[in-house]
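A.B. asks: Sequence:
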Amino acid sequence: MNYRELIMYTEIGCFVMCVSGWILVCSTMPTEYWNYSSIDGIVLTTANYFSNLWKSCISDSTGVSDCKEFPSLLALPAFTVASKLSPCMIGLHLPCDGLAPRPGCTLPCAHCLPVYIHACRALIITGIILGFFGGVLALIGMKCTKIGGSEIANARVTFAAGANYLIAACVWKLSAKLFFLTGLTSMIAFSWYGNKIRAEFVDPNFKAQKYEIGAAVFVGWGGSTLLIVGGLVYCIFAGRDGLRSR
Numbered sequence: 000m001n002y003r004e005l006i007m008y009t010e011i012g013c014f015v016m017c018v019s020g021w022i023l024v025c026s027t028m029p030t031e032y033w034n035y036s037s038i039d040g041i042v043l044t045t046a047n048y049f050s051n052l053w054k055s056c057i058s059d060s061t062g063v064s065d066c067k068e069f070p071s072l073l074a075l076p077a078f079t080v081a082s083k084l085s086p087c088m089i090g091l092h093l094p095c096d097g098l099a100p101r102p103g104c105t106l107p108c109a110h111c112l113p114v115y116i117h118a119c120r121a122l123i124i125t126g127i128i129l130g131f132f133g134g135v136l137a138l139i140g141m142k143c144t145k146i147g148g149s150e151i152a153n154a155r156v157t158f159a160a161g162a163n164y165l166i167a168a169c170v171w172k173l174s175a176k177l178f179f180l181t182g183l184t185s186m187i188a189f190s191w192y193g194n195k196i197r198a199e200f201v202d203p204n205f206k207a208q209k210y211e212i213g214a215a216v217f218v219g220w221g222g223s224t225l226l227i228v229g230g231l232v233y234c235i236f237a238g239r240d241g242l243r244s245r
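In numbering that gives the first Met the number 0, the protein residues as written are 0 to 245.
Rather than coming from a laboratory, the hints here were simulated on the basis of the structure.
Keep in mind that this is a model prediction, so the values were computed, not measured.
Just so you know, even glycine gets a beta-carbon here, dropped at the ideal spot from N, CA and C.
All clues given are correct.
No farther apart than 20 angstroms at their CA atoms in a straight line, the calculated lysine to any residue pairs in the SDA-like style are these: (1) K209 x S58; (2) K206 x Y48; (3) K54 x I212; (4) K176 x C25; (5) K195 x W220; (6) K176 x C234; (7) K195 x Y115; (8) K176 x S19; (9) K195 x A207; (10) K54 x A207; (11) K176 x I128; (12) K209 x E199; (13) K54 x T30; (14) K54 x I116; (15) K209 x L52.
Label pairs and their calculated CB-CB ranges: (16) G12 x H117: 33 to 39 angstroms; (17) F131 x W191: 21 to 27 angstroms; (18) F131 x D65: 29 to 35 angstroms.
Could you put together the complete structure from these sequences and hints?
C.D. replies: This is how it looks when you write it as structure tokens:
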């Protein structure tokens, strides 16, 4: 196996790994089980609580679920956001104890949302966007594809072939960095969310409902790992190929 074949097979393997990780991260967005908790008592009064980044739900023993969307910042009046929201948001804990907000939060409980929820939303959405463009650029820059590659121009125009090769190499390196950043941002989001659930669960002073880490967080960790490993290998081989081409 020559060096070119090694690069080509590495590209394909890393691309499949990164795309699989990106799909796993995307699948966690609509998944409801980011965290869950259950109250077991009499057989007919069992309640299951679960939530994600967008809503919280409760289901009874009959399987009927009732969900409530988290409040949006855009739905609040401007003066409320400016004058009352910041004291509530600076705390990284849930601002509500039952129906009353914690000290420092002057908003009603329905209008207080932890800052880590907003941060995880932003990180994961950013990662998904970066991963999409990383996949598009990877298809353009891979040596085994004919989309915009120098293989088309080599037969006729040497200058155009060289220019296309340089562009493809740059695109390949950029796609590798985007895949790595996708995995990094999503890993930060899932780890932050999971650590918050763990901290509340082991905190003896936390009196509200305690949750456990749901399946979506584990799926997100797996997808983020695939993206980080695939993107890192992509970056290594892209750098070596760039040095070799010089």
